[in-house]
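Chains as they are written, first to last, in our numbering: chain A, 5 to 168; chain B, 489 to 1096.
Please note that the accuracy of each hint is not assured.
Claimed, not checked - From the derived model, a few chain B residues whose C-beta atoms are all more than 12 Å from chain A:
1) ASN569
2) LEU583
3) CYS652
4) PHE676
5) LEU810
6) GLY948
7) ILE1007
8) HIS1031
9) GLN1050
10) ASN1052
11) GLU1070
Claimed, not checked - Sample of chain B residues facing chain A (criterion: CB under 8 Å; computed from the structure):
12) LEU661
13) THR662
14) ALA675
15) LEU1071
For the record, the hints were derived by calculation from the structure and aren't laboratory data.
Glycine included, each C-beta is placed from N, C-alpha and C at the ideal position.
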Amino acid sequence: MENGNSELLQEFTEEQVVKLDEIIARFKGKPGGLIPCLEEAQVVLEYLPLPVQKRISEGLNVPLSQVYGVVTFYSFFTMTPRGRHTVRVCLGTACYCRGGKALAENMEREFNLAEGETTEDRRFTYETVRCLGACGLAPVIVVDENVHGRIKAQKMKTVLDEYE
Amino acid sequence: MDSNEMLNVTIDNQSVQVEPGTTILQAAKKLGIRIPTLCAYQELDHFPGACRVCVTEVDGMRSLVASCVYPVANNMVVRTNTERVRTARRMVVELLLSNHPTECNHCVRNGNCDLQKVAEITGVREVRFPYPEYQRESMIDMSSPSIVRDSRKCIQCHRCVAVCDKVQTVNVLTPSWRGSEVKVAPAFNLPLLETNCIACGQCIMVCPVGALYEKDDVDKVWKALEDPTKHVVVQEAPAIRAALGEEFGMPPGSLVTGKMIAALRRLGFDKVFDTNFAADLTIMEEGTELLHRVKTGGALPMITSCSPGWIKFCEHFYPDLLDHISTCKSPQQMFGAMAKTYYARTAGVDPKDMVVVSIMPCTAKKFEAQRPEMCASGYRDVDYVLTTRELGRMIKEAGIDFVNLPDETFDAPMGEYTGAATIFGATGGVMEAALRTVYAVVTGENLQSLDVTPVRGLDGVKEAALEVGELGKVKVAVAHGMANARKILDRIRSGEADWAFIEFMTCPGGCIAGGGEPIPTTNEIRTLRSQALYEDDSEVQEHRQSHENASIRKAYETFLGQPNGELSHRLLHTHYTKRGTELPHKDVKLGGTEMPEHHAENLEQRVH
């Protein structure tokens, strides 16, 4: 555990580690406890790298391979840090035709990112989606919960400037 | 309706009555209808419904159903051979092939591949969507000295995941990611060597394709055989003689000891010895150690140390119980240590020029041979380990007509063995062999019947109790498959164990079903191979107790001194490493010669 702590403390605060252990303790021995445990852990820690999964595996007595299998299966879980804001560029058919692809390329060039990655300053996590049901506003990007429609490459910068 | 009432089902116009809960696949089997499958594996109770090759048509159902997971209902009408079913099956297999490298000609499973067979049965004649080029190296994990994992060939049947979880409770392999990205791999895609893999190779035994296979060491052995400066000796585990014939189309359970020896000699080995010699030696050492522990209050129960998968399992998952394992090296390693000291001396061969090759039913033996501490003579105890399958390939490559070979006999002085040694290859065999000798040593007379049948057979956990003279009642237990071993280990941990001696074999059925044995290996085949060994014990061998082996007695008289004596301890005993389960294991050491130099010098003086 000592060793596990130092590994965890390289990436998380002591307070976070204490909270993680509390969460694990609550789900210990409960059938089907792995997914809600991971969910709550991610709320506190933001992401679930190897040391966290090891801690959960030991605490819940679930093999690490199974923890990893669940974390990688659900797109909700992430093993790398998330940005403060999530930028989703729509690449559904309508958005793609009306310039969504250019927005995606713009995002990749501007911030030096590949899909699913996060900027080094953890400002943005960049993802793409296939249709958000707002084709009338194509091309669309969604920043956190806010939909921005009819975005052109130039306008994208202005929109993103609003998110620090 | 009574839930136990039998159900009437009609499959391809034939009727059958089955119990509720029976799947279409099982009902069809009763009627002699073979529905092709790829992921299903009856003995593991593994029916994930993943491959979709087993689809059938059910009257009244809109879509086709996977017969391996679909339970029958009363009066159900099923059709397994319609145009629609045939087309769908063919498409499923074609899609599997479109995602599978078409390198069958140079695949290790060429000719023994379930995907090939199913493609043939279902009548696939073209693949319209050719396999995309992947980066080769990045998807093949060669890190383990025992097992190679080639993700490119994986068809996601998850049989290996099931065996790793249910049978061995090691849980290294897992399905990860999803959709088209899904792959079976260790957590965090770690190289196998850095995981808790015990190298048992049971994943290989259930893999339908060539995604998991043994690390091939054949070329190294060819090279040694062709090197005129090397004196190459070979040993074969007991399980080889009961299975090697299958590689050449002989029926399971054929005992081919004499042909095996003849084949090895024709391959060019300088001396053909036998691991069974070392198995008898193991009984002398381990039996003495057991008696010593009982008399002096050492760690009990004592657990056997022959099965290297079990050793690594204990090092990872029960490091607190390592003291319970006998300090005896396994027969393979004892053989190597003796070959490079005792035999080297008598034959006048410098151990530096000697190469010891093992033929083992086991992939974990490849790991064991590379443990740094295994170098009693100052050189590696065992240089190369080949599985039964690799030996089969060598014999084929050499153009030897195995089936028609004459029977030959082993070379001296490390070829003599007793019936006690040969049953080491089956679950319960080490226990039975040990009891025969321990009883005789303690009481001065032989067991009334040398057949200790309660420890034989395929039950997961077997127990027996035996009155052994002054020791009183000695309770013993036998388990095979690490899931079964856990049941016993947990009782030892909690202090509830009252056994004196325990035998663990890693693989279900014992070595005769090891990860290096011919594929397929089923329960039926396990039984047949075991019977061959028991036949060798009771019908073929003159002596059936290890202490009656004249070559062993001579080795003690002229070289070793006493069992568990000082020289025995140096050569034939070992120590274990607490590995734990903390991933990744970055510090796994392989090979090398750890032994200090003065040790070798001392040894020279001791040899007379």
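**Asked** Is it the case that ILE1007 of chain B keeps its Cβ farther than 12 Å from each residue Cβ in chain A?
**Response** holds, 24 Å
**Request:** Mind checking the CB of THR662 of chain B against every CB in chain A and telling me if the closest is under 8 Å?
**Result:** holds, 4 Å
**Given as non-interface: GLN1050 of chain B, which should sit over 12 Å from chain A by C-beta** = Non-interface label stands for GLN1050 of chain B: nearest chain A Cβ at 44 Å, farther than 12 Å.
**Message:** Does LEU810 of chain B clear chain A by more than 12 Å, comparing its Cβ with all Cβ atoms of that chain?
**Reply:** holds, 20 Å
**Item:** Given as non-interface: ASN1052 of chain B, partner chain A, CB spacing beyond 12 Å
**Value:** holds, 38 Å
**CYS652 of chain B remote from chain A - nearest C-beta pair above 12 Å** = Not fine: 8 Å to the nearest Cβ puts CYS652 of chain B too close to chain A.
**Request:** Please settle this one: HIS1031 of chain B was flagged as non-interface, so is its CB more than 12 Å from every CB on chain A?
**Result:** It holds; HIS1031 of chain B is separated from chain A by about 46 Å at its closest Cβ, greater than 12 Å.
**Item:** 12 Å Cβ clearance of ASN569 of chain B from chain A
**Value:** holds, 36 Å
**Message:** So, as I understand it, the hint says ALA675 of chain B touches chain A; can you test that by seeing if any CB pair is closer than 8 Å?
**Reply:** This hint holds: ALA675 of chain B lies near chain A, its Cβ roughly 4 Å from the closest one there, short of 8 Å.
**Request:** Beyond 12 Å from every chain A Cβ: check whether that's true for GLY948 of chain B.
**Result:** holds, 21 Å
**Message:** If I take the minimum Cβ distance from LEU583 of chain B to any residue of chain A, is it greater than 12 Å?
**Reply:** holds, 22 Å
**Item:** Status of PHE676 of chain B, Cβ more than 12 Å from any chain A Cβ
**Value:** violated, 6 Å
Consistency note: the structure conflicts with the earlier hints numbered 3, 4, 11.
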